[in-house]
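Student: Let the sequences and hints guide you as you build the complete structure.
The residues making up each chain are set out below.
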Amino acid sequence: MAQWSLADRTLYAKLVYYGPALGGKTTNLRVLHQLTDPEGRTELVSVNTKDDRTLFFDLLPFDLGSVLGYKVALKLYTVPGQVHYDATRRAVLSGADAVVFVADSAAGRERDNRLAWDNLSQNMRAAHLDPAVVPVLAQLNKRDLPDAAPQGTVESWLGLAEGRGMLAVACEGHGVLETFLAASHVMLERLVAIAEPQTRRTLALGDLGKQLDAAFAPHLARLSAAGGASASALAGGSPITLGTSDLVESAVAGSVALGARLVDEQGRAARLTREAESLRLLSDALRTTGASFDRAAIVKAALSAAVTTLGASGASLGSLDVRGVVALSDSTGRDLAALTGDAGVASLLARMFAGPGASVVDDLKTELPASGAATAGLRALAVVPVERSPRTSLVVTMPEPDGAFADSDIRFLATLAGHLAVGLEKVRIHEELRDQRDRLEEIVNARTKSLRKAYDELKSIDAMKDRFLANVSHEMRSPLTAIIGAATFLKEYTGGPAEREEMTTGILKSSQALDRLVDGLLRVARLEATDDLAVEDIAPADVVAEAMRIAGAEGRTSVLFDPRVGSCPADPARLATALANLLDNAVKFGPAGAGIELRVAPCVLARPGGAVAGVSYSVLDRGPGLGEEDVERVFAPFEQGGDPMTGKPSGVGLGLYEARAIARRHAGTLIYLPRSGGGSEFRISLPADAVVLASPRQARRA
Amino acid sequence: MSEAKRILIVDDDAFIRRPLEFILREEGFEAATAANADEGLRAIESCPPDLIFLDVMMPGKDGLTWCAELKADPRFARIPIVLLSARGQERDRERGLELGAADFMTKPYSPFELKRRVHELLGRG
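Taken in order, these protein sequences are the chains called A and B. For the first sequence, the working numbering begins at 734 and goes up steadily by one. For the second sequence, the working numbering begins at 18 and goes up steadily by one.
Since the hints were derived computationally from the structure, they do not count as laboratory data. Honestly, I wouldn't trust all of these hints.
[As the list claims (entries may be wrong)] Now the in silico label distances, taken between C-beta atoms and shown as ranges:
{"hint": "1", "chain 1": "A", "residue 1": "Gly1410", "chain 2": "B", "residue 2": "Ser127", "range": "41 to 51 Å"}
{"hint": "2", "chain 1": "B", "residue 1": "Thr82", "chain 2": "A", "residue 2": "Gly1410", "range": "28 to 38 Å"}
{"hint": "3", "chain 1": "B", "residue 1": "Glu107", "chain 2": "A", "residue 2": "Gln1245", "range": "26 to 36 Å"}
{"hint": "4", "chain 1": "A", "residue 1": "Ala1220", "chain 2": "B", "residue 2": "Thr82", "range": "26 to 36 Å"}
{"hint": "5", "chain 1": "A", "residue 1": "Leu1241", "chain 2": "B", "residue 2": "Glu47", "range": "48 to 58 Å"}
[Claimed, not checked] Using 25 Å as the maximum straight-line C-alpha spacing, the simulated SDA-like pairs for lysine to any residue come out as follows:
{"hint": "6", "chain 1": "B", "residue 1": "Lys78", "chain 2": "A", "residue 2": "Arg1067"}
{"hint": "7", "chain 1": "A", "residue 1": "Lys1321", "chain 2": "B", "residue 2": "Thr50"}
{"hint": "8", "chain 1": "B", "residue 1": "Lys132", "chain 2": "B", "residue 2": "Ala21"}
{"hint": "9", "chain 1": "A", "residue 1": "Lys1242", "chain 2": "B", "residue 2": "Gly77"}
{"hint": "10", "chain 1": "B", "residue 1": "Lys78", "chain 2": "A", "residue 2": "Arg1180"}
{"hint": "11", "chain 1": "B", "residue 1": "Lys132", "chain 2": "A", "residue 2": "Arg1233"}
{"hint": "12", "chain 1": "A", "residue 1": "Lys1321", "chain 2": "B", "residue 2": "Ala21"}
{"hint": "13", "chain 1": "A", "residue 1": "Lys1224", "chain 2": "B", "residue 2": "Glu44"}
{"hint": "14", "chain 1": "A", "residue 1": "Lys1224", "chain 2": "B", "residue 2": "Lys78"}
{"hint": "15", "chain 1": "B", "residue 1": "Lys78", "chain 2": "A", "residue 2": "Gly1358"}
{"hint": "16", "chain 1": "A", "residue 1": "Lys1198", "chain 2": "A", "residue 2": "Glu1362"}
{"hint": "17", "chain 1": "B", "residue 1": "Lys78", "chain 2": "A", "residue 2": "Ala1325"}
As the structure is a prediction and not an experimental result, all values here were calculated from the model. Built from N, CA and C at the ideal position, the CB exists for glycine as well.
Tutor: This is how it looks when you write it as structure tokens:
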């Protein structure tokens, strides 16, 4: 900070030379040192830092003589230009009253110049130096280089208006003093302007330009005498007249440019702060919704963050389907779903979705002049990919009249999209796991059910087996008891001829009963094992006669033949067995075998392809009939119609089972019908063109 | 010598009933037969027996039920009953003895074993 010392009427001020490394800052100072102190009364001081690299830290107490009634003691500094000496630069810059930026005109150093300029801007802000108060001048050095960029180009690197840079070839002394003079002029003007009122009262205010010209005169004279070229020698440069308003304007222009840069910097900092805040909000939102796996909430949080942060008019999540059609959902702010209703917008969106990265339309009115209502109030549109397959993207709109997406906005949206993609993936995995768990539960339930069913079936088979053994046991013990009794009598006692005759008959009949029982058991065993039927055209009357013989039902059965029945295909032996079983039951359960009928008649069988003609064989009795609960049970193997404790049916409970199996092997049926007037009807129906079904064993093999 | 003891055989199967009847007669008993509970009751009422052989499984009223009825009837409660069953199930035996049957025999039984029970129950060696 400048210091007006009333005691020794001296103004102490600080001028800093700034710029890229090797741009000529130190050369400027050396030239000035020679010019202003040819006798070398003061020394140019350099300071070494702790690093190997040497940097200069020049100090020049510089007596300009009397200006404004004060001696002006200027301290001139330069700073290390290397990027990594930023802390030193900032320290040197602190308290500066004016800054000279020495730009390197070499065409290849655009980037270095820009970085140094930006760096100056940042460091001035850090040092609380306002370019509006602390003037900054730009010197375009090394104008003599063969590859020097045009003046206007170098100025454009720094954001200067054309012609505002001070031209110089510092190593030859050209432009050095002129730059210094201009800087001093502007600096002093500013210092006067901001001086405290009591200080100002002590100043000998007059024409500052003239005073400076006078103060510099000896130096300029020395410069001319030394044969140094004037500024006019520089190509493209206009001759510099000290104290002209041009010089001042140049200085101000530099400050303005830097000021503008500063504003940009501040804007960017503010934006970064805002982005950071938005990301924090987003991350908070995601954390909050993280535990719920709520897709809608996660999407909503992301879209809200987009709208809030960018000041967007609307945000939506869009998806591209296999037909290449975009659908928009979950809008926040303006409802964007309606956008796809306009063919032009829909097609534009489809194209934007198809691309690999983010896509922006700056001005919808220009892009789609015909889309009127759909895009009313919207200026810019951005599509930023979220997920690849299926493609989903953030769709964000900016409002009229001047809404726009900056690069940083798109970067922010891309970050947001990344967050969203992770969130959606998480939701999807969660949903998949949940589905899988549900499926597993279903499978377990189904398995449990089928296991229980299998268990119940096994249990019922087991019970059936127990009943079967009890039945077989009973059926065998009864005739055996009779045989043993009769044989014992014959062996141990004489008895009469009639008694002996009766005992012999008893043995014979009981043996036959045993024989039938064994035969039945074997037949059923074979039923499971044999594969084929011996089908031929049979005469039903013959089969019926055989059945009655087997069952011993002759003489107590009325047979009714429908005259329409001719021959039909069947296995005669098997069919006779089936009918005999039915007759046997009728004899067993009917009242003393009375009222038994056997009817043979044409019938119709239902088939999936339509009804087919057939022949039915019904056996009817006047027994007690079947209770509803017995109708299916009696057809199961080893089951008997009556209660074995009371009804005493004789048989092993295989007759109906065998008969039904035989009917089915003929592609026919065996059903129970209550007989009108009381009793039972068991009806075998066989198709007239009997198809021989595969045996259960063959079916299993197939 | 006292009057011949009277034994009633109730079984629906004549081939079982008759050899038993013949053998008991040969052994000096008075043997009567019935094919079911109804016939049996008529026989008892007309001439009460000293012992009843009763088949468990019969059409109509089964042997166990009838046995319980006889034991509940003061007129006949004292007549010993031997149950005969073709089902050798232990459950039937227990049930029969609970109902008051004197004994339980499983078919096929040896006629000699049967004869031994008769002598035991009627007190004659």
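Student: Run the structure past the numbered hints and jot down the numbers of the failing ones, going up.
Tutor: The structure conflicts with hints 5, 6, 10, 12 and 14, although it agrees with all the remaining ones.
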